[in-house]
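Chains A and B, in that order, give the protein sequences. First residue of the first sequence: 1, per the working numbering; consecutive thereafter. First residue of the second sequence: 1, per the working numbering; consecutive thereafter.
Watch out, some of these pointers could steer you wrong.
Below 25 Å or equal to it, Euclidean Cα-Cα: the simulated SDA-like pairs (lysine to any residue) are [claimed, not checked]: (1) Lys60/A / Glu72/A; (2) Lys3/A / Glu22/A; (3) Lys17/A / Val33/A; (4) Lys34/A / Glu430/B; (5) Lys40/A / Glu50/A; (6) Lys34/A / Ala80/A; (7) Lys223/B / Phe55/A; (8) Lys9/A / Gly37/A; (9) Lys223/B / Glu44/A; (10) Lys60/A / Gln26/A; (11) Lys223/B / Val53/A; (12) Lys17/A / Ser445/B; (13) Lys40/A / Lys413/B; (14) Lys289/B / Asp54/A; (15) Lys9/A / Ile23/A; (16) Lys34/A / Ile444/B; (17) Lys223/B / Tyr51/A; (18) Lys19/A / Ile93/A; (19) Lys60/A / Tyr442/B; (20) Lys292/B / Leu45/A; (21) Lys221/B / Ala49/A; (22) Lys9/A / Ile218/B; (23) Lys292/B / Val52/A; (24) Lys9/A / Asn234/B; (25) Lys221/B / Gly48/A; (26) Lys3/A / Ile91/A; (27) Lys221/B / Leu45/A; (28) Lys34/A / His229/B; (29) Lys223/B / Tyr46/A; (30) Lys75/B / Ala49/A; (31) Lys75/B / Ala80/A; (32) Lys413/B / Leu322/B.
Here are the simulated distance ranges between beta carbons [stated by the list, open to error]: (33) Thr43/A / Lys221/B: 21 to 29 Å; (34) Glu50/A / Val414/B: 49 to 57 Å; (35) Val338/B / Pro10/A: 30 to 38 Å; (36) Asn446/B / Glu106/A: 26 to 34 Å; (37) Asn446/B / Ala66/A: 33 to 41 Å; (38) Phe55/A / Lys289/B: 23 to 31 Å; (39) Thr78/A / Glu439/B: 43 to 51 Å; (40) Glu430/B / Asp18/A: 36 to 44 Å.
Note that these hints are calculated values from the structure, not bench results. Where a beta carbon is used, it is the ideal one built from N, C-alpha and C, also for glycine.
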Amino acid sequence: MKKIEAVIKPFKLDEVKDKLNEIGIQGITVTEVKGFGRQKGHTELYRGAEYVVDFLPKIKMEIVIADDRLDEVVSTITKAAQTGRIGDGKIFISNIEDTIRIRTAERGEDAI
Amino acid sequence: MQIIFPDYQSKSKHIWRVIGLLFFLLALLPSPAMAEDASILNSGDTAWMLTATALVLFMTIPGLSLFYAGMVRSKNVLSVLMQCFAITSLMTVLWVLYAYSIAFGGDGPFWGGLSKVFLKGVGVDTLSGSIPETVFMTFQMTFAVITPALIVGAFAERMKFSAMLIFMAIWVTIVYAPICHWVWGGGGWLGNKGILDFAGGTVVHINAGMAGLVAAIILGKRKGYPATHMPPHNLGYTLMGASMLWVGWFGFNAGSELAADGVAGMAMAVTQIATAAAALGWMFIEWAKHGKPSVLGIASGAVAGLVAITPASGAVGPMGALAIGFASGVGCFFASTVIKHALGYDDSLDVFGIHAVGGIIGAILTGVFCAESLGGAGFGGDITSISGQVSVQLIGVTATLIYTGVVSAIILKVLDGVMGIRVSEDEETEGLDISLHNERGYIISN
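Let the hints inform the model, and build the full structure from the sequences given.
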């Protein structure tokens with residue numbers, strides 16, 4: 001099993017979620033995060049005090065899938081989340097040792 | 001024409017009808033004009049002053065409270081609300097115990113004495129001019145509430161709640177009430193000189209602003225200031241609070257006439273005009289200087305206008321109000337940005353930059369625009385020229401700055417020695433809400 005962590009632009013969340021639905025992905029977990037890579041921040045001004053804000057709001061999606069679906073899911077996310085501009089985000093892939101469904105105690109790929 | 005009375009009963013009814021008609025006609029005659037008698041209760045004045053009192057209280061809770069709360073970091077939102085609410089309660093009690101007497105109890109030049117402690121002599125039917133004295137006393141109380149509450153902005157996010165309460169109790173006693181007496185109390189020395197301070201440019205704003213500056217310096221800068229980014233956590237609150245201040249200020253200025261009359265009407269009009277001019281002034285100058293108009297800027301500008309028109313509201317006309325408002329919006333912008341950053345003190349919420357500077361601009365321009373040639377209501381006391389009036393205004397400004405600056409500093413230094421006035425570093429980092437009040441302002445995960 002593989003875990004995909006995708007950090008994407010917040011407004012892309014619905015599009016990515018819909019495209020994943022279309023290829024039958026059953027579940028995702030989403031957190032609101034902030035971060036930056038090469039996309040620089042912006043300045044904010046309060047009563048003449050100017051600050052550079054490095055961090056930008058992002059969405060992190062975590063999905064666990066069977067090994068044989070990896071490429072399909074990665075390319076779906078990439079196509080849906082892309083704008084072509086700096087700040088589109090990144091995808092990280094790691095190995096998952098096991099998955100358990102809490103309701104039924106099933107383990108392994110059946111639990112995904 | 002012969003009137004036919006069919007029987008005895010009809011005749012008697014008819015006579016009563018005629019008598020009734022005669023009384024009706026008599027009632028229609030215009031009654032002789034009643035001369036205004038100052039010792040008779042005027043229900044119009046009283047109704048307005050009851051309302052004005054509520055409006056001014058609303059300025060503090062929740063107007064000023066929200067204005068400030070939105071500007072601090074989220075971990076300190078409750079501490080500011082708590083400070084304003086507690087000050088409201090504490091000042092109320094002290095005012096009726098003795099501070100009203102110090103301000104309005106007698107005719108000395110510097111203080112009003114103790115003849116009205118515990119509100120002695122102020123009963124249900126006691127009058128103060130054309131309104132009940134209870135109403136006058138409560139109206140003035142709301143001023144004694146908001147003035148210390150203004151200072152909160154200068155020491156926000158780092159002052160001990162206990163020390164703050166004690167500071168405020170002493171401050172209202174030996175700073176606010178005496179200065180109030182100097183300007184508005186019978187025999188007060190500034191009032192006698194002919195100072196024009198209709199609703200408290202000196203008594204409230206320069207006073208609180210200077211005390212705030214002193215407090216900001218003595219307490220020291222917030223940890224991490226100015227390198228750390230400390231933006232307002234909820235500008236929505238700030239704008240809502242500024243709006244409540246704007247509306248409530250009609251009670252503050254128009255209510256200071258203590259009557260429902262033309263002067264009050266003009267006070268309301270000039271208040272509105274100056275505030276709008278100041279809001280636009282700050283907005284445009286910030287837009288020109290920094291490229292974008294901001295919510296914090298327009299809200300601050302409006303408050304700067306409200307402050308500046310405060311002393312002028314009984315003495316200037318609409319065009320004077322435009323000038324005063326615009327001058328304050330622009331002047332306070334520079335005081336709160338360029339000058340503050342250049343001098344380096346951490347007046348967290350710009351109490352000096354808006355209230356002291358705005359109050360000074362307003363006090364001086366009152367001396368100019370009160371002139372009848374400029375649409376004003378005329379000079380104060382025996383004064384006959386703009387330069388004469390401005391001199392008296394400057395005396396008031398200077399006396400207030402010096403007295404409040406020195407005495408506030410002494411109180412703070414003594415308190416700091418006795419009990420410490422600043423929270424510990426850990427408490428400041430954690431946030432005052434959790435450290436001093438064991439509460440969180442926002443519990444989102446629920």
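Hint check results:
1. Among the hinted pairs, Lys60/A with Glu72/A is consistent with the structure: their alpha-carbon atoms are about 19 Å apart, no more than 25 Å.
2. Simply put, Lys3/A and Glu22/A have alpha-carbon atoms about 19 Å apart, close enough for the 25 Å limit, and the pair holds.
3. Taken as a hint, the Lys17/A and Val33/A pair is honoured in the structure, with Cα atoms around 17 Å apart against an allowance of 25 Å.
4. Using a Cα cut-off of 25 Å, the hinted pair Lys34/A and Glu430/B holds, with the two alpha carbons roughly 21 Å apart.
5. As the CA atoms of Lys40/A and Glu50/A are separated by approximately 16 Å, the hinted pair is consistent with the 25 Å bound.
6. For the suggested pair Lys34/A and Ala80/A, the alpha carbons sit about 20 Å apart, so the restraint of at most 25 Å is met.
7. Distance restraint check for Lys223/B and Phe55/A: the Cα-Cα separation of roughly 22 Å lies within the 25 Å cut-off, and the hinted pair is therefore satisfied.
8. Pair hint Lys9/A plus Gly37/A holds up; C-alpha atoms about 12 Å apart against a cutoff of 25 Å.
9. For the hint pairing Lys223/B with Glu44/A, the CA-to-CA distance comes to about 20 Å; that is within 25 Å, so the pair holds.
10. Of the pairs offered as hints, the one joining Lys60/A and Gln26/A holds, with about 17 Å between alpha carbons and a cut-off of 25 Å not exceeded.
11. With a C-alpha separation of about 19 Å, the suggested pairing of Lys223/B with Val53/A holds against the 25 Å cut-off.
12. A hinted pair counts as satisfied when its Cα atoms are at most 25 Å apart, and Lys17/A with Ser445/B qualifies at roughly 23 Å.
13. A threshold of 25 Å between alpha carbons decides the hint, and for Lys40/A with Lys413/B the separation of about 46 Å lies outside it, so the pair is violated.
14. Restraint check for Lys289/B and Asp54/A: satisfied, since their Cα atoms lie roughly 23 Å apart, inside the 25 Å limit.
15. Under the criterion of a C-alpha separation no larger than 25 Å, the hint pairing Lys9/A with Ile23/A is consistent with the structure, at around 21 Å.
16. A C-alpha spacing of about 18 Å is found between Lys34/A and Ile444/B, which places the hinted pair at or below 25 Å, so the restraint holds.
17. Among the hinted pairs, Lys223/B with Tyr51/A is consistent with the structure: their alpha-carbon atoms are about 17 Å apart, no more than 25 Å.
18. Restraint check for Lys19/A and Ile93/A: satisfied, since their Cα atoms lie roughly 19 Å apart, inside the 25 Å limit.
19. For the hint pairing Lys60/A with Tyr442/B, the CA-to-CA distance comes to about 24 Å; that is within 25 Å, so the pair holds.
20. With a C-alpha separation of about 9 Å, the suggested pair Lys292/B and Leu45/A falls inside the 25 Å cut-off, and the hint holds.
21. Restraint check for Lys221/B and Ala49/A: satisfied, since their Cα atoms lie roughly 15 Å apart, inside the 25 Å limit.
22. Using a Cα cut-off of 25 Å, the hinted pair Lys9/A and Ile218/B is violated, with the two alpha carbons roughly 46 Å apart.
23. With a C-alpha separation of about 16 Å, the suggested pairing of Lys292/B with Val52/A holds against the 25 Å cut-off.
24. Our distance criterion of 25 Å between C-alpha atoms is met by Lys9/A and Asn234/B, whose separation comes to about 24 Å.
25. For the proposed pair Lys221/B and Gly48/A, the alpha carbon gap of about 18 Å is at most 25 Å, so the pair holds.
26. Straight-line distance between C-alpha atoms of Lys3/A and Ile91/A comes to about 10 Å, which keeps the hinted pair within the 25 Å bound.
27. Restraint check for Lys221/B and Leu45/A: the C-alpha separation of about 20 Å stays at or below 25 Å, so the hint holds.
28. For the proposed pair Lys34/A and His229/B, the alpha carbon gap of about 16 Å is at most 25 Å, so the pair holds.
29. Restraint check for Lys223/B and Tyr46/A: the C-alpha separation of about 18 Å stays at or below 25 Å, so the hint holds.
30. With a C-alpha separation of about 21 Å, the suggested pairing of Lys75/B with Ala49/A holds against the 25 Å cut-off.
31. With a C-alpha separation of about 38 Å, the suggested pairing of Lys75/B with Ala80/A is violated against the 25 Å cut-off.
32. A distance of roughly 41 Å separates the Cα atoms of Lys413/B and Leu322/B; the hinted pair therefore is violated under the 25 Å criterion.
33. At about 22 Å, the CB distance of Thr43/A to Lys221/B agrees with the hint of 21 to 29 Å.
34. At about 38 Å, the beta-carbon gap between Glu50/A and Val414/B misses the expected band of 49 to 57 Å.
35. The hint said 30 to 38 Å for the Cβ distance between Val338/B and Pro10/A, and at roughly 36 Å that hint holds.
36. For Asn446/B and Glu106/A, the hinted distance range of 26 to 34 Å is satisfied, since their beta carbons lie about 32 Å from each other.
37. Taking 33 to 41 Å as the suggested C-beta distance range, the pair Asn446/B and Ala66/A conforms, at roughly 36 Å.
38. Remark: the range hint 23 to 31 Å for Phe55/A to Lys289/B is upheld by a beta-carbon distance near 26 Å.
39. At roughly 46 Å, the beta carbons of Thr78/A and Glu439/B sit within the given window of 43 to 51 Å.
40. Separated by about 42 Å at the C-beta atoms, Glu430/B and Asp18/A satisfy the suggested range of 36 to 44 Å.
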